[in-house]
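Start from the sequences and build out the full structure, keeping to the hints where you can.
There are 2 protein chains.
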Amino acid sequence: MPQSRRNFIQKSALAFAGTTSFPFIGKAAAFHTKNKTEYSLPIGIAGYTFAKFDLDQAIAMMKRLDIRYLSIKDIHLPINSNEDKIKEVLAKLAAANINPYTVGVIYMRSKQAVDDAFAYAKKVGVNMIVGVPTYDLLDYTEQKVKATNTKIAIHNHGPEDALYPGPADVYNRIKNRDARMGLCLDIGHATRAGANLEKAISDYKNRLYDLHIKDVTAASKEGKAIEIGRGVIDFKALIKALEKINYKGVCSVEFEKDMTDPMAGMAESIGFFRGMLACNS
Amino acid sequence: MPQSRRNFIQKSALAFAGTTSFPFIGKAAAFHTKNKTEYSLPIGIAGYTFAKFDLDQAIAMMKRLDIRYLSIKDIHLPINSNEDKIKEVLAKLAAANINPYTVGVIYMRSKQAVDDAFAYAKKVGVNMIVGVPTYDLLDYTEQKVKATNTKIAIHNHGPEDALYPGPADVYNRIKNRDARMGLCLDIGHATRAGANLEKAISDYKNRLYDLHIKDVTAASKEGKAIEIGRGVIDFKALIKALEKINYKGVCSVEFEKDMTDPMAGMAESIGFFRGMLACNS
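The listed protein sequences correspond, in order, to chains Z and E. Numbering (our numbering) for the first sequence: 475 to 755. Numbering (our numbering) for the second sequence: 475 to 755.
It should be emphasised that the hints constitute simulated quantities derived from the structure, not laboratory data. Please note that the accuracy of each hint is not assured.
Given that identical chains are not distinguished, each listed pair holds provided it fits within a single copy or across any two copies.
[Stated by the list, open to error] Here are the simulated PhoX-like pairs of lysine-lysine, each with C-alpha atoms no more than 25 Å apart in a straight line: (1) Lys510 to Lys714; (2) Lys561 to Lys673; (3) Lys673 to Lys722; (4) Lys526 to Lys698; (5) Lys698 to Lys510; (6) Lys714 to Lys673; (7) Lys718 to Lys673; (8) Lys510 to Lys710; (9) Lys673 to Lys559; (10) Lys695 to Lys510; (11) Lys597 to Lys714; (12) Lys710 to Lys679; (13) Lys597 to Lys722; (14) Lys698 to Lys537; (15) Lys537 to Lys510.
Rendered as structure tokens:
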């Protein structure tokens, strides 16, 4: 293991150990010196944003954007990767000062897929999976959560999603389960599904573990991805709601417009979100 | 003259005629429908940002960024252009819904250069020049301002500038002259020259006609261009100061980092500024 990676893991462990909130949420590991692009809410990127790029290209874009948190998508690190491949990817991220704070979105349609996802999370060294287990796998997923002490943040995917269109569809199925089962609130898809974001954040605050941050052109099925600030989402209200619940997770931007040439839109989106946070501070 | 250009000029004229503030400052012509990327302060781009690109490329980038105001730099429309060339450039801008609200920065080191600049402004159809006349040409420049009813906004260029390092160096030389002589406050160079931006905006409010918006890494000669929000300038305080004086001009972003590949940095900078304005609204 390279020294940088070892330091990263040690510091991450210290950071997680030091949190005073719900022990498995934790603020994403503060493994680097605070810089000018860090605000009250840490900004990350959901790996799907770079679906058209390989890991090296994704890292180069993240460095340019000065983003330090990544939700690793299987495109960049396949779920059944061997130890060498995982080490190689983690070393590249550590060298770029990028904290791979979670993995996903991982779709789980069989017990084997659930097993694979939790084994993958353990090998990658994250304490949370952003995933989508089918309803009939929720009992088994809960067993795995307990057995591995790994959180799962279930992702909502809008009106077209037969399982979890909005955050309520997630929450109602996990609210009486292990507290390590929660939500990855995708604010774009939630808006398209008719959810009130501020209410969802308030109502589900104890189970809100991750966020996919984006903007959409309409609060309906027809809503399309657009640069943050140009769409219908009220980011001022969103940030206020997150600060009110003292949200301890990452705000991972997921940009799904111009996917073959995302830098301009990503940069504008991240700039807008940073501007909002800076204004608010 | 193409119909679009004729409409543009007519609407511009109406917009300028309708301003109730100082008649020659005027809010930049509102010739298009208000959209989601317009806030309390209109955002433009200083043409020098696109020094490495031709006009068509510059327009394509502005459209992607949804920016509607341009300070035309001579790189994209040479000062001694003939009528056909000027018409061609104005038609391209009008087709892209871009308002060329001023020209500059134009350096003037001779009476001929002053004559050329004012003739150019008239031919382009703008009522303001962003320029840098030498001290000995200020009297002659003032005569031209009176004769042509065209404003001049003198630009400060930081500690290396022998004439106008900071805004005080401009203001002190124009404060007793015709009121149509004022400042284009370059906030990056002003910061590098040691100016207090909020104080400058307040003190020179009656002569503040244009802004070059950017960020710098240090409030000293060594300060370099950087994405807005990552540097030392307090944009929250800046926007507050501009709103306090009810600034009626354009905030033209001038991005001087990564000049051969400026889109990511431009987009981040504009996103940050928009996020600040949206938060503030």
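Hints and how they fare:
no.	hint	in the structure
1	Lys510 to Lys714	both (21 Å within a copy, 21 Å between copies)
2	Lys561 to Lys673	neither (41 Å within a copy, 54 Å between copies)
3	Lys673 to Lys722	within (18 Å within a copy, 38 Å between copies)
4	Lys526 to Lys698	within (19 Å within a copy, 33 Å between copies)
5	Lys698 to Lys510	between (31 Å within a copy, 15 Å between copies)
6	Lys714 to Lys673	within (12 Å within a copy, 31 Å between copies)
7	Lys718 to Lys673	within (12 Å within a copy, 34 Å between copies)
8	Lys510 to Lys710	both (21 Å within a copy, 15 Å between copies)
9	Lys673 to Lys559	neither (42 Å within a copy, 56 Å between copies)
10	Lys695 to Lys510	between (37 Å within a copy, 20 Å between copies)
11	Lys597 to Lys714	neither (36 Å within a copy, 50 Å between copies)
12	Lys710 to Lys679	within (18 Å within a copy, 30 Å between copies)
13	Lys597 to Lys722	within (24 Å within a copy, 58 Å between copies)
14	Lys698 to Lys537	between (27 Å within a copy, 19 Å between copies)
15	Lys537 to Lys510	within (14 Å within a copy, 29 Å between copies)
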